[in-house]
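Work from the hints to combine the two standalone chains into their complex.
So the chains spell out like this:
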Amino acid sequence: MKVYLKGIGAIGPGFENLDALAGSLQSGSMPDFESFPRPQGNMLPGAERRRASPTVKLAVEVASQALLSSGLNAQDLALVFASSNGDTDTIHQICETLATSERFVSPTRFHNSVHNAAAGYWSIASGSMQPSSSLCAWNGSFSAALLEASGQCLAEGIPVLLAAFDTPFPFPLQEFTPAGKPFGVAMVLDRNPENSIATLSIELCGEDPDSLSGWEAMRSDSSAARAVPLLAALAKGGEVVLEYLEDLSLKVGVTPCAFATAAAAGAAGTRSPGGCA
Amino acid sequence: MQSLAISHYTVVNALGRGTSSTLEAIRNGKSGLRRCDFLDAQLDTWIGRVEGLESESLPARFAEYDCRNNRLAMLGLVSDGFESAVQDAISRHGSHRIALILGTSTSGILATELAYRERDPQGRLPADFHYRTTHENYSVTDFVRRYLGLQRPAFTISTACSSSAKVFASASRLIDCGLCDAAVVGGVDSLCMTTLYGFSSLEIVSTMPCRPASADRNGISIGEAAGFALLEKPQGRYDVPLLLGYGESSDAYHMSTPHPEGAGARLAMLRALERSALPASAIDYVNLHGTATRANDSAEDRAVCAIFGKETPCSSTKGWTGHTLGAAGITEAAICCLALREGLLPATLNTATVDPEFGMNVLLENRSRKIRTVLSNSFGFGGNNACLILGYGKE
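In order, the protein sequence lines correspond to chains A and B. Counting along the first sequence from 1, when you hit position 38 you're at 52 in our numbering, and nothing is skipped either side. Counting along the second sequence from 1, when you hit position 33 you're at 77 in our numbering, and nothing is skipped either side.
Just chain B, same shape as in the assembly (with noise of 0.2 Å):
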């Protein structure tokens, strides 16, 4: 495939607000991760809330559209002038040829469970509840493409965890076929009551924040964030990182557990690498989809051993962060481009031994090396996977 420059880039987790809030916590060994104190959730858990967005709003005229959801999109939005990244991208290309895709597995459902409670005798809900603009899954989609003013294809992808990875595979597809000529794509998923008390249902969510590959790991810490990059035609720019090639499969398993030998996962990588014309051997580092839970470490162990050996260096970025679901994939696709800018690869916070049954090489210190190439795995319910393979072109 040809290669994309990611131009620019922004995230917003419980690190802080913009690019530089992630790097500084991970030189730091600072995790994101708090007791749960989300709204009156009843559940013995860590989070990954963004702190202050409770009294963020959004700007008048987007009044119907204000919910956390939303809110945390203008947040990434604003961190590192990625707006003013978009408007000067605009400039080049014209508003008609910048394509808008984002992932989100729940978007704004709090707002819908919230208006739940406020049924009045006859059970509907309360009059100011908007669900086109908040809950429905494309509303933070068409919340985005309004603030920035773009003109072009617009979609919402929604395949759970997976949905911020797939996102560049869908922009790579929509360029190479001249519908537009670059792509905003992103991801934004926030915390509620259906993914908190969802996985505690399943009991795959840890009283403890999160220690993913370790021996004892016993599930995930759920988190919440907000990332975009811009993708646009390299046009011989080798100062910024690029999309080198992505990979999706599904496992064709089960709708809430990996396939055990990991047979999707490997699937989706070996697309990725087939896409990027890259040898394994390439890969620098794997940041991996890495959630803590028995299963998915497991199987991910499996399929990232039988591709890479055991020398690649990988490690799991969710003990920062917490799993921010829909939009891990940006998240972690952000941290692998500042990786590769810093030559800093990040440990698994809060793991103190990794599981001897593992073969893969999980970091769990911070290492600092040159790097130029990555991997990102991403995997998601209904056995969704997506891969993505990032790095500096040749010069």
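Excised from the complex, chain A in its bound form (with noise of 0.2 Å):
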């Protein structure tokens, strides 16, 4: 499958957007691992945001970062959410609760229970319309999204916004899932090539995936930090296998375009008018 790379954001232990991530990359020196980033999600009306989760703020804002970096309006794209654990913080308060003789859950609660919570919060905000998607598959999570998003825009030709978030659950469950530091990554693919960042190149693979030297704390530590790998290729190019079933990892070819490579450069630069077209 080869979709056009529009928009990407992250955000992660030591970094609060992409530039951020590149110039950590370009340098070869993990960003301070030991940070915790804690997102505002601006883009949510004020009683939502108020509403809203660690979780749910950390999808909008580094969906926002895509969607922006992209040129695009939300209300055209699809959505594909993915997330582990969904909203851990949400969980473990309500398995605390239920625990306890009242068993009072608060309405507000429950529906911030669902796992495309995020992404209900995200079309309420955006007004968009067009189909949402949330999914998981434990540390693959982030290459089942990039298979769902690639196989929407390919099969029914419209351009998707894919987030794919973890945070940490409290204790006690944070000892049974690794995630240990929220992390999130979100980009905006197209079948159409005009005003593209890089080309992608998607197929399935039984090799071992990729790890990332002197990265592997954060690469290995939830399903969206997965993605580095991928980060890191955007500047260069080349390929890299991503982790994603225990038998099965996905092969992802990176074409930058003109526009990737002088952003990697640390130029300001204005995307080359054609992209990867």
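Please note that the accuracy of each hint is not assured.
[To be verified] Ranges of calculated distance between the beta carbons of each label pair, as one might list FRET restraints:
id	chain 1	residue 1	chain 2	residue 2	range
1	A	89	B	139	49 to 59 Å
2	A	115	B	355	50 to 60 Å
3	B	412	A	261	42 to 52 Å
4	B	339	A	110	25 to 35 Å
5	B	355	A	172	28 to 38 Å
6	A	172	B	437	22 to 32 Å
7	B	78	A	228	57 to 67 Å
8	B	100	A	110	26 to 36 Å
9	A	41	B	100	49 to 59 Å
[To be verified] To spell it out: a stretch of chain B is covered by chain A in this simulated footprint if at least three of its residues, at any positions, have a beta carbon under 8 Å from a beta carbon of chain A; those stretches are:
id	region
10	125-133
11	404-411
These are calculated hints, taken from the structure and not from any lab test. Quick reminder that beta carbons are idealized off the backbone N, C-alpha and C, glycines included.
Listed below in structure tokens is the structure:
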């Protein structure tokens, strides 16, 4: 499958956007893995922002970055959101409440507990009535989302906003799941090459997934962070093998367009008119 | 879109195990709902519980996967010879050419709820608790993939009550892009305290068996179910129902209340019709989402009337099965396949009088009639809508 990358966003420990991450990737040194990002979810209206959990705020913030850099209209984009565990704080709080004798689950907390809560908040905030999905495949959640989003682009001819995000569970569920730090990555994918940043050629393979030297603590921390080798390849291009299921990986060939190369070189460059066209 | 053959399917729900139990209950007008007797839940409501799930067990090699949700999944796999149908498909296509996409809303969260009751003085969960293989939303798909020996892409879709309708759309796209030749799709959702107490706190759970489209409807009855379908390119088969179209949309309105005019629901139905290249007049029967909440049924009535007018027969089958949430899409797709095969349009069970405000043609009695094409609606929290069109191809 060949799709065009039109926008990108990234938030994780030690970086608040792709530019900050790109700097670290270029220098080869992993950002401060001990820091803990707390995005505010500024694109949400006030009432929704007050009700939204850290997971929802991370998702909408990273999705906004990708949307903004794509120059496309949110109302034209289908959504594929992916997260291994969904809204970790909310699930913990509900399970804790249900272990008490009253078992009073707040109505807001309950509707926030659905795996597609972040996608729902996004569609309300952006006014988009396009199809919206929310999926997972444990540590392969990002790869699953990349397959679903690319398939939707190609089969339906609609641009897709993909956002993969994970937040850690509080104690006691924390020790049962790998995510220790919030991480979010978002991409706008399209079938049409105009104004694109890079071409992604995606196929299934049985090879072992790539590791990223010096970055393994981050890459292996959450399902969303498993996209880091792909983010690293965006500057120079090349082929990466992303972790998906135990017996199945995703091979992604990355061919950057002129704009991406300029951005990676630290230039504030404007997009070359043709993109990868 | 290219139609896909639904070459095999199965369901397990409160009506029993396998499609024949569901069909027999529909013929006899017998509901699967009972007063809530689930564990120690203290709620004045009715539920669609699958009998005997508590005493089921998984094969020894799946010990870590043992939970109510995966037991329910396994009951589905062994019903209607579904497992052997998949083995036949593996011999035709190869295990590396069959994808797996399942829907669930809460997966095996009950395992975590129960573990939270057993925390030690330091607050830790019991040593025999397994999060990844029971509760995590991919766990049911992971279990089914290993159980069936499939080796192609797999993932879980979790968009609340539209989850297992959307799996058909994803499978269609993967097959269309050549990533697989066939797909097992389905949904599994099991009773848990989160949904029982959560929907109660939203005050949309009925104290009686749910009465969809009724003037005095006052909420849902929660059920549980597993269902699976095998999708393949039709290759000239006319003896099985086909997936003719799908449509998806978002309300962009509210997290737990549908758009009052059913704008998103209407868009999903229009997109399904467009994709199937069929006019609205070709639809012989609509299986409604029909949850029996005040808001859902009235919004759905407006959306259905806007597209189909007042003649097309419609019904909600949730009075039989309860609202099986993430398994509702596959449950109702299977009921639609049975309706097509048997020429049986199911009634809206438990409903005596249709809301006088409604315009759509709500069936209150089963009707026998040869039909070719049906449409099924599934709508979820977050304003997430999916619609499927199923029917026989042109001979």
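Structure-based check of each hint:
no. : hint                      : verdict
1   : 89/A - 139/B: 49 to 59 Å  : violated, 41 Å
2   : 115/A - 355/B: 50 to 60 Å : holds, 52 Å
3   : 412/B - 261/A: 42 to 52 Å : holds, 48 Å
4   : 339/B - 110/A: 25 to 35 Å : holds, 29 Å
5   : 355/B - 172/A: 28 to 38 Å : holds, 33 Å
6   : 172/A - 437/B: 22 to 32 Å : holds, 26 Å
7   : 78/B - 228/A: 57 to 67 Å  : holds, 59 Å
8   : 100/B - 110/A: 26 to 36 Å : holds, 29 Å
9   : 41/A - 100/B: 49 to 59 Å  : holds, 56 Å
10  : 125-133                   : violated (count 0)
11  : 404-411                   : violated (count 0)
When held up to the earlier numbered hints, the structure conflicts with 1, 10, 11 and fits the remainder.
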